[in-house]
Each structure stands twice: as structure tokens, then as C-alpha cells.
Amino acid sequence: MTQTTGPEKKPETLKNVFLNNYAVPRGGSWLVVTGDSCFKISASTKNIISRLPRKGPPADYIGELRRLGVPEPEKILAKLVEIKCLVPASENPWHKTLLKYLLNPALEFFPSKLQDRVFFFLKDAEFTGEALFRFALASCLLGLLLSALFSFAGFSAGRGIALTAGEQGAVFAIILLSILVHEAGHSIFAYLNGIGFRPIGFSLYLMYPVFYANVSGIGELPLKPKISINLAGLALQSLFMAGVVIAYLATGWGAYFVVVQYLAFLLLFNLNPLLNTDGYWCYKDIVTAYKGNRYAVFSEKIYSLAMLGFTLYLVYVVWLMAKGLGAFLFAGTWSGGGVLGALINVYILVIVAKGLIPRFKEGYATLRKQ
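The opening position of the sequence shown corresponds to residue 178 in this note's numbering, with each subsequent residue numbered one higher.
Just so you know, the hints here were simulated from the structure itself, not pulled from any lab data. Mixed in with the good hints there might be a few duds.
[As the list claims (entries may be wrong)] Think about it this way: if two alpha-carbon atoms lie no more than 30 angstroms apart in a straight line, the pair counts; the simulated DSSO-like pairs of lysine-lysine are:
1) Lys300 x Lys217
2) Lys290 x Lys300
3) Lys461 x Lys217
4) Lys232 x Lys217
5) Lys217 x Lys252
6) Lys401 x Lys290
7) Lys468 x Lys401
8) Lys461 x Lys538
9) Lys192 x Lys217
10) Lys290 x Lys192
11) Lys232 x Lys192
12) Lys401 x Lys217
13) Lys538 x Lys468
14) Lys252 x Lys192
15) Lys300 x Lys223
16) Lys261 x Lys192
17) Lys300 x Lys252
18) Lys217 x Lys261
19) Lys401 x Lys538
20) Lys290 x Lys223
21) Lys261 x Lys223
22) Lys478 x Lys538
23) Lys192 x Lys256
Note that the structure is a prediction, hence the values are computed from the model and not measured.
The task is simple: from the sequences and hints, build the whole structure.
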């Protein structure tokens with residue numbers, strides 16, 4: 178009698194996730210920066226993973242570790258898997274991959290390695306956290322002063338400016354450049370504070386397209402360096418605004434005036450702590466630094482109430498969209514958009530919900546604290 182067994186299970190394939198990633202030395206260890214996170218690993222671990230293959234079954238990794246003369250390669254492999262230097266190489270079907278990118282849209286276009294080459298002149302720069310903090314704060318105050326002058330005092334003058342199509346294109350290009358300068362500011366200050374350049378990309382927050390810089394890992398820094406990184410985008414954008422102001426005063430070109438007014442709006446918008454902006458992260462870092470202080474606890478309660486109130490306003494906006502969805506489902510139309518319009522609006526609803534739910538959870542959890 179012969180015993181039959183099922184098909185032999187294929188050995189799990191592992192992936193070396195940190196191979197060739199951008200990394201910077203810090204305090205005897207290394208910080209490895211990925212597209213959306215940051216990991217600290219020892220120098221010996223970095224040396225090992227840099228010599229291992231990108232992908233393969235466990236047996237291949239054990240054989241390579243043995244070839245490198247690493248003692249007890251099976252235990253070392255298990256440790257590398259435990260600390261997630263090696264992870265299962267998932268082979269997702271194309272439709273799952275597409276769904277993932279639709280629900281979590283993120284396009285990295287200025288990786289850390291490229292920044293390391295572009296900003297080569299910063300390699301020997303040395304600044305203290307205190308100096309960077311003061312520079313960022315002073316630059317932001319300059320930006321606020323310019324914003325006050327051009328947002329309020331110059332508002333009526335800005336309304337009378339008529340731009341040609343070419344000038345409108347120039348305004349868009351200059352504003353886009355200023356946003357890239359903003360995100361580069363976060364990355365540069367992260368590097369100057371010793372945690373390396375950070376990838377810059379494009380995504381969606383609520384229903385709005387945004388650029389972002391991954392500054393994960395700043396939690397290990399003291400308060401002032403953290404604040405300097407949070408404000409760095411606004412700081413460089415404020416200096417950029419000052420340059421545009423000078424260009425406007427020198428030339429009188431109306432397009433520059435419009436750019437300054439828009440940059441003033443962006444500056445004030447990014448200081449709004451009720452959204453996940455730079456102002457929010459400054460507030461959170463300050464409150465976290467003084468955790469347990471009764472004034473900080475009281476501030477958190479007030480902030481949570483304000484944030485929940487603002488979130489309810491955002492829910493109202495989503496509700497208006499939902500009314501449109503209902504009109505489409507029962508009347509067969511959605512503002513004339515048909516099926517394609519419905520699909521687009523449903524997608525917007527999902528993206529907005531993904532942004533709103535964490536806000537409710539955060540506010541509710543804070544209010545429940547004793």
C-alpha cells in the first residue's frame with residue numbers, strides 16, 4: 178500500500194527590503210529610509226543585508242550567510258525575519274495591486290538617494306538644532322508678516338489684476354515650484370538634524386492632491402529639532418515668497434503679485450492645526466514633549482473638541498457628495514456625469530472617509546483620557 182501526499186509545498190520566498198535603500202549613520206547605528214518609513218539597524222546588520230540577494234527562498238539566504246562566514250546562519254536568518262529586514266515576497270494579483278494604489282495613492286518622484294546627489298553641497302554643513310530652530314522660526318515670522326501685508330492690505334489690489342493665459346501658466350509654474358521648495362525644506366532640515374534626506378512624493382489628503390515628505394523617525398529627536406523640521410517647509414517657502422515679493426517690487430508684474438497672495442494663503446493654511454498640516458505636527462510634538470503637564474492635558478481636550486467640530490464640517494461636505502450619489506442611484510444621473518461621474522465621486526468619498534475616520538478616532542481617544 179502506498180501513501181500519497183498532497184503536492185509539496187513551495188518554499189516561501191523572502192525579500193531583502195533594505196537592500197540598496199538610502200541609509201545614514203547615526204549614533205553607531207544606521208537609519209534606513211524607505212518610501213514611507215524609517216528603520217534603525219545596527220552596523221553589523223547593515224553589513225550583512227548589503228551582501229544578501231534581493232529575493233530568494235530561505236535556503237538561498239542560509240547558504241549565502243554560511244558563505245559569508247556568519248556563525249549559526251539559521252538563527253541569524255530567523256533574526257533578520259523577526260526584525261523585518263527579510264519579509265515574505267508577496268505576489269499580489271494585478272487587480273489587488275491596482276486597488277492598493279487607488280486607495281492609498283502615493284507617487285515618489287524625488288527619492289532620498291537622488292537628493293543626496295543634488296544637495297551634495299550640504300555634506301559638510303554643520304548646524305546645531307538650536308540654530309536650525311531659530312532660522313526656521315525667523316523665516317516663518319517673515320512669511321507671516323508678508324502674508325499679512327499681501328493677504329489683507331493688498332487684497333483689493335490683487336482682485337483687479339487680469340492675467341493672460343501665458344501669465345496664468347507662469348503663476349501655476351511658480352506656485353508648483355514653491356510647493357516643491359516647501360517639501361525639500363522638510364527633507365533638508367531632516368538631513369541637517371542627522372536623520373538623512375527624505376523621499377518626496379505626491380498623494381491625496383481627503384479629496385485634495387498634496388505633495389509630501391516622509392519625515393518618520395523624528396520622534397527620537399529633541400523638541401526644537403523636531404519643530405525645526407516641521408517648520409522647515411514653511412521657512413523655505415517664506416524665503417521663496419520674499420524673493421517673489423522682491424521680483425514684484427522690481428518689475429511690477431501682476432503675476433508675481435498673484436503668486437504672493439496664493440503663497441500667503443498656503444502659509445496660513447499649513448499652520449492650521451485642525452488638519453494634518455505642519456501646524457498640526459508642531460502642536461502634537463509640543464503637547465507630547467510636555468505630556469502629563471496639566472496645561473498640556475487641558476490643551477489637548479480643547480484641541481480635540483475643535484478638531485471634532487472641524488471634522489463634522491468636513492463630514493457635511495461628504496454628506497453633500499453622498500446626496501449626489503443618492504440622486505444618481507435613484508434618478509439615474511449625477512449632475513450629468515453618468516456612470517463615470519458616479520464612479521469618480523464614489524472614489525472621492527472613499528478617499529475622504531479614509532482621512533476622516535482616523536480624525537474621529539484620535540479626537541475621541543483624547544477626550545476619553547482622564
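**Q.** Hinted pair Lys401 and Lys290, Cα distance within 30 angstroms
**A.** holds (26 angstroms)
Q | Given hint Lys192 paired with Lys290 - CA-CA distance at most 30 angstroms | A | holds (21 angstroms)
Q: Could you grab the alpha-carbon distance between Lys217 and Lys261 and see if it respects the 30 angstroms cut-off?
A: It holds: about 11 angstroms lies between the C-alpha atoms, which stays within 30 angstroms.
Q: Would you check the hint for Lys290 and Lys223, treating anything up to 30 angstroms between C-alpha atoms as holding?
A: holds (17 angstroms)
Q.
For Lys478 and Lys538, compute the direct alpha-carbon distance and say whether it is at most 30 angstroms.
A. Given pair Lys478, Lys538 holds - Cα atoms ~14 angstroms apart, limit 30 angstroms.
Q | 30 angstroms Cα cutoff - pair Lys468, Lys401 | A | Holds, at roughly 16 angstroms.
Q: Verify the proposed pairing of Lys192 with Lys256, using a straight-line Cα cut of 30 angstroms.
A: It holds: about 14 angstroms lies between the C-alpha atoms, which stays within 30 angstroms.
Q: Please work out if Lys401 and Lys538 have their alpha carbons no farther apart than 30 angstroms.
A: The hint holds at about 28 angstroms.
(Q) Against the 30 angstroms threshold, does the CA-CA distance of Lys300 and Lys217 hold or violate the hint? (A) It holds: about 21 angstroms lies between the C-alpha atoms, which stays within 30 angstroms.
Q: Mind checking the alpha carbons of Lys401 and Lys217 for me, to see if they're no more than 30 angstroms apart?
A: Holds - the C-alpha atoms of Lys217 and Lys401 are around 21 angstroms apart, at most 30 angstroms.
Q) Do the alpha carbons of Lys252 and Lys192 lie within 30 angstroms of each other, as the hint requires? A) holds (17 angstroms)
Q: Take the C-alpha atoms of Lys538 and Lys468, compute the straight-line distance between them, and say whether it is at most 30 angstroms.
A: holds (19 angstroms)
In summary, the one numbered hint that this structure violates is 17.
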